[in-house]
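Mind docking chains B and C on chain A? Use the hints.
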Amino acid sequence: MIYLDYAATTPLDPRVRDAMLPWLDADSHFGNPASDHALGRKARVAVERARAQVAALLGAGADEIVWTSGATESNNLAIKGALEFRGLKGAHVVTSRVEHKAVLDTCRYLETQGVRVSYLTPQADGVVAVEQVLAALQPDTAMVSLMWVNNETGAINPVEALAPQLRERGILFHVDAVQAAGKLPIDLAQVPIDLLSLSAHKLYGPKGIGALFVRKRPRARLAPQIHGGGHEQGMRSGTLATHQIVGLGEACVLAAAGLGDEARRLRGLRERLWQALQVLPKIYLNGPVEARAPGILNVSFAGAEGESLRAMLPELMVSSGSACSSATREPSYVLRALGRDDELAGSSLRLSLGRYSTEAQIDRAAAQIVEAVRFLRELSPLWSEA
Amino acid sequence: MNPQENVYAYREPIWARFRAPRHGGRLPAGGRLLEAQAGSPAAHSVLRLQLGLNGAIVAQVRFQAYGCPTAIAVGEWLAEQLEGQPLTHLAAIDAAAIRDALEIAEDKAHCALMGEDVLRALQQQMSEQA
Amino acid sequence: MPVYLDHNATTRLDSRVLEAMLPYLAGPYGNASSLHRYGRAARDAIERAREQVAALVNCQPREIVWTSGGTEANNLALKGVAEAFPGARLLYGATEHPAVLETAEALRARGWPVGVVAMGEDGLIDWPDFERQLAEAPLRLVSLMRANNETGVLQDIPRAAALVHAAGAWLHVDAVQAAGKIPVDFVALQADLMSLSSHKLYGPKGIGALVLRPEVELSPLHHGGWQERSLRGGTENVAAIVGFGAAAELAAAELETRTAHLRGLRERLESGLHRLPGVHLFGEGVERLPNTVQFALAGYEGEALLMQLDRHGFAVSSGSACASGRGEPSHVLLGMGIERELAKGAVRVSLGKDNTADEVDRFLAVLSGFASAATPRVSVR
Numbered sequence: 001m002i003y004l005d006y007a008a009t010t011p012l013d014p015r016v017r018d019a020m021l022p023w024l025d026a027d028s029h030f031g032n033p034a035s036d037h038a039l040g041r042k043a044r045v046a047v048e049r050a051r052a053q054v055a056a057l058l059g060a061g062a063d064e065i066v067w068t069s070g071a072t073e074s075n076n077l078a079i080k081g082a083l084e085f086r087g088l089k090g091a092h093v094v095t096s097r098v099e100h101k102a103v104l105d106t107c108r109y110l111e112t113q114g115v116r117v118s119y120l121t122p123q124a125d126g127v128v129a130v131e132q133v134l135a136a137l138q139p140d141t142a143m144v145s146l147m148w149v150n151n152e153t154g155a156i157n158p159v160e161a162l163a164p165q166l167r168e169r170g171i172l173f174h175v176d177a178v179q180a181a182g183k184l185p186i187d188l189a190q191v192p193i194d195l196l197s198l199s200a201h202k203l204y205g206p207k208g209i210g211a212l213f214v215r216k217r218p219r220a221r222l223a224p225q226i227h228g229g230g231h232e233q234g235m236r237s238g239t240l241a242t243h244q245i246v247g248l249g250e251a252c253v254l255a256a257a258g259l260g261d262e263a264r265r266l267r268g269l270r271e272r273l274w275q276a277l278q279v280l281p282k283i284y285l286n287g288p289v290e291a292r293a294p295g296i297l298n299v300s301f302a303g304a305e306g307e308s309l310r311a312m313l314p315e316l317m318v319s320s321g322s323a324c325s326s327a328t329r330e331p332s333y334v335l336r337a338l339g340r341d342d343e344l345a346g347s348s349l350r351l352s353l354g355r356y357s358t359e360a361q362i363d364r365a366a367a368q369i370v371e372a373v374r375f376l377r378e379l380s381p382l383w384s385e386a
Numbered sequence: 001m002n003p004q005e006n007v008y009a010y011r012e013p014i015w016a017r018f019r020a021p022r023h024g025g026r027l028p029a030g031g032r033l034l035e036a037q038a039g040s041p042a043a044h045s046v047l048r049l050q051l052g053l054n055g056a057i058v059a060q061v062r063f064q065a066y067g068c069p070t071a072i073a074v075g076e077w078l079a080e081q082l083e084g085q086p087l088t089h090l091a092a093i094d095a096a097a098i099r100d101a102l103e104i105a106e107d108k109a110h111c112a113l114m115g116e117d118v119l120r121a122l123q124q125q126m127s128e129q130a
Numbered sequence: 001m002p003v004y005l006d007h008n009a010t011t012r013l014d015s016r017v018l019e020a021m022l023p024y025l026a027g028p029y030g031n032a033s034s035l036h037r038y039g040r041a042a043r044d045a046i047e048r049a050r051e052q053v054a055a056l057v058n059c060q061p062r063e064i065v066w067t068s069g070g071t072e073a074n075n076l077a078l079k080g081v082a083e084a085f086p087g088a089r090l091l092y093g094a095t096e097h098p099a100v101l102e103t104a105e106a107l108r109a110r111g112w113p114v115g116v117v118a119m120g121e122d123g124l125i126d127w128p129d130f131e132r133q134l135a136e137a138p139l140r141l142v143s144l145m146r147a148n149n150e151t152g153v154l155q156d157i158p159r160a161a162a163l164v165h166a167a168g169a170w171l172h173v174d175a176v177q178a179a180g181k182i183p184v185d186f187v188a189l190q191a192d193l194m195s196l197s198s199h200k201l202y203g204p205k206g207i208g209a210l211v212l213r214p215e216v217e218l219s220p221l222h223h224g225g226w227q228e229r230s231l232r233g234g235t236e237n238v239a240a241i242v243g244f245g246a247a248a249e250l251a252a253a254e255l256e257t258r259t260a261h262l263r264g265l266r267e268r269l270e271s272g273l274h275r276l277p278g279v280h281l282f283g284e285g286v287e288r289l290p291n292t293v294q295f296a297l298a299g300y301e302g303e304a305l306l307m308q309l310d311r312h313g314f315a316v317s318s319g320s321a322c323a324s325g326r327g328e329p330s331h332v333l334l335g336m337g338i339e340r341e342l343a344k345g346a347v348r349v350s351l352g353k354d355n356t357a358d359e360v361d362r363f364l365a366v367l368s369g370f371a372s373a374a375t376p377r378v379s380v381r
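Protein chains in written order, with my numbering: chain A, 1 to 386; chain B, 1 to 130; chain C, 1 to 381.
Honestly, I wouldn't trust all of these hints.
Simulated DEER-style distance windows between Cβ atoms [claimed, not checked]: (1) C:61 to B:12: 23 to 31 Å; (2) C:86 to B:91: 21 to 29 Å; (3) B:128 to A:367: 41 to 49 Å; (4) B:128 to C:226: 40 to 48 Å; (5) B:86 to C:214: 31 to 39 Å; (6) C:109 to A:187: 31 to 39 Å; (7) B:109 to C:183: 43 to 51 Å; (8) C:354 to A:87: 47 to 55 Å; (9) A:386 to B:109: 29 to 37 Å; (10) B:86 to C:213: 52 to 60 Å.
Because the hints were derived from the structure by calculation, they are not lab data. The beta-carbon is built from N, C-alpha and C at its ideal position, and this holds for glycine as well.
For reference, chain A alone in the conformation it holds in the complex (with noise of 0.2 Å):
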């Protein structure tokens, strides 16, 4: 098998493994962290290591961190708690029709609610340009949730040069860098974003955990969305699960160490297979030539539709549309926000490398999904190469 699905989800690197174990097995490692005995104080300390092990990730402080079960909760807990926080009624938020679900269908809540929200529509590489957050600003506009890169396309959005624009007006910038922790470096003692979602799984972590940067100056301030206990400076309760959190800790570490260098051969190994697949006429690149995550490549192959594309590729596993809508097999609304027309989009495939992709992958990969376009486009009516 050939994985090329790393934007839906990574395997567990092994050395992560190793570091949860214990927490899963050894005598002395299962207190639960709110203990007030040796065997909680035992695991909390390993909570707060981990606490800071992703806070370096990020250039943050161990205390702006807090645990979530994954995106989902850390992407509602940011822009529902704010806004809870701050009252709902007659705030105005700006975000983008290619946000992931999470972010999507709680501003679709937050509508019901009474809050006014402004869908931008992302330039036709999928960027969502400075200049356009600016202008759908509103007097009461109370926030903006942008993702840092897209996780379809691989756009990177240009959400450096945003965030101090927002400081300036005072608005709070809550960043979705769930694509972009460990691939991007990413530093928040530079960058005034106020609060930014990640996930242990899409950077070689466990699945089922993941947390929320909560910048504490200037303070960004949250209601609650799971009550209970307290926890996590009272912004979300409930038992802390140590060797998920001891994972997600490892997983940051790992991929400090190895952001440079990874990024350069992946973007290599992201070309090559680009530069394989040119063979075929009719191919088109979605999203952005240059501002675009190293590991992510999103083709859309004229003739040749993109479940029976998938099911010719037995050997690969690889996506066509998000992994969250591909229960329901819909058509990418990412593609279609991007402009691509409704056959364009159903007839992609989002090649997503990393850690263990290799040159022998790539090349085989390509391989085969040259021949399986050949073989749908004859059989294609719609197909004609002029």
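Relative to the frame of chain A, chains B and C by itself:
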């Protein structure tokens, strides 16, 4: 891994026809032909059927399809059913028959309907030519 | 390794559960959302776990919604129903877990009418008060726990359910402490919603479930994603779900043995405590969990006694782990009308399936030393 492996668990009647269609393509020009198309690119499904006639008998069938594996399998199955049959056989096949034969699930019922649409369009042409 | 007597806070993962989880911490990636063979394998594993948990609590597998734990399950139950019925009245018991209590109070602050069901000194529902509150005004949801996390006191849930249903409302049962320790039967309890947690029954931390009958209307807590019938979006924590399933299956298979073992240890502990001077047992004389004993020792604040025991290698709790470290007496004991001074002395021992009679005896021996040292200073009525 077997490059033909059905890792997405399509029903066998669909998978066999999708992976090895015997009637894909177009018939050469000349001779008596009937041709019709159904579906739309916007719906991610288009099916075109060509019948080569010998009197009132369907001598040869070719199909072209753009769409999911089920859509492609519908094209192949219709070709299998019609080849060698009298033209009157077109009326005997409907969406329900297609669904039964290919074990098409509810969420792909539109593919069977597209198959029926092509047959009805072919019948329409027959009556116009007659 | 200390003697662990804090199983109501968390339990040690059963090695057989870890075995079941390991393939999902190493295997081929298993995003359960993927339609690929590997994704389907992950989905099958999740559905098998759903059947295992359903079998433990006698509900339908489709009635289970996975959550990140008992706290989220309680939040989803209360906030979910409240959001679906804006302004509807809610009731909860005075001795509920903070995850219910604080959620209900947050709803009150946002405008929902919320009432509190009073508890007697024995920790049981004050039935006349309960019936009065049920009759007071239209009601949507009542939240009561099957077993209290601090005292172990068990509520008569079917009796409460009949009254709640007669009032036209739904009953949410927090069964986090009960599941795995006593039989929990969703049908027999006549609950409409029920919260469960994996790490209280030798499963992994970070996973729980809300059981809910099909007719219960609920808004999601986390928006985004179609997972769990759109009630709980987010990529599934496959390994933890599999672990919860395995733990539930073991709990069901071993329930009778575990209960008998725990009851034996508890009796040994209680008769030992009765022999010590200055010991007050809470919730005595009513039906309680077979593993839980909450008591105060004259002359000691709970926190201080906990620290002494910790120094001697015994892990106990001064109450709910969630609320520890605040120096406040337990709201559970205050809710039962226990005096503040006495409540401040509370220590909770919660036994587990792997505790031994020898450990209980050693605990009693150490405690006996404290008791004789402290008795002259303060007396406990």
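Hint by hint, here is what the structure shows:
1. Taken as a hint, the range 23 to 31 Å holds for the pair residue 61 of chain C and residue 12 of chain B, whose Cβ atoms sit roughly 28 Å apart.
2. Judged by the Cβ atoms, the range 21 to 29 Å given for residue 86 of chain C and residue 91 of chain B is violated: they are separated by roughly 57 Å.
3. A beta carbon spacing of about 47 Å between residue 128 of chain B and residue 367 of chain A agrees with the range 41 to 49 Å that was offered as a hint.
4. Evaluation of the 40 to 48 Å hint for residue 128 of chain B and residue 226 of chain C yields a pass: the beta carbon distance comes to about 47 Å.
5. A C-beta distance of roughly 52 Å is found between residue 86 of chain B and residue 214 of chain C, which places it outside the suggested range of 31 to 39 Å.
6. Between residue 109 of chain C and residue 187 of chain A the CB atoms are about 37 Å apart, so this pair conforms to the stated range of 31 to 39 Å.
7. About 45 Å separates the C-beta atoms of residue 109 of chain B and residue 183 of chain C, a value consistent with the hinted range of 43 to 51 Å.
8. Take residue 354 of chain C and residue 87 of chain A: their Cβ atoms lie about 51 Å apart, and the range 47 to 55 Å holds.
9. In this structure the hint that residue 386 of chain A and residue 109 of chain B lie 29 to 37 Å apart at CB holds, the actual value being about 35 Å.
10. Taking 52 to 60 Å as the suggested C-beta distance range, the pair residue 86 of chain B and residue 213 of chain C conforms, at roughly 58 Å.
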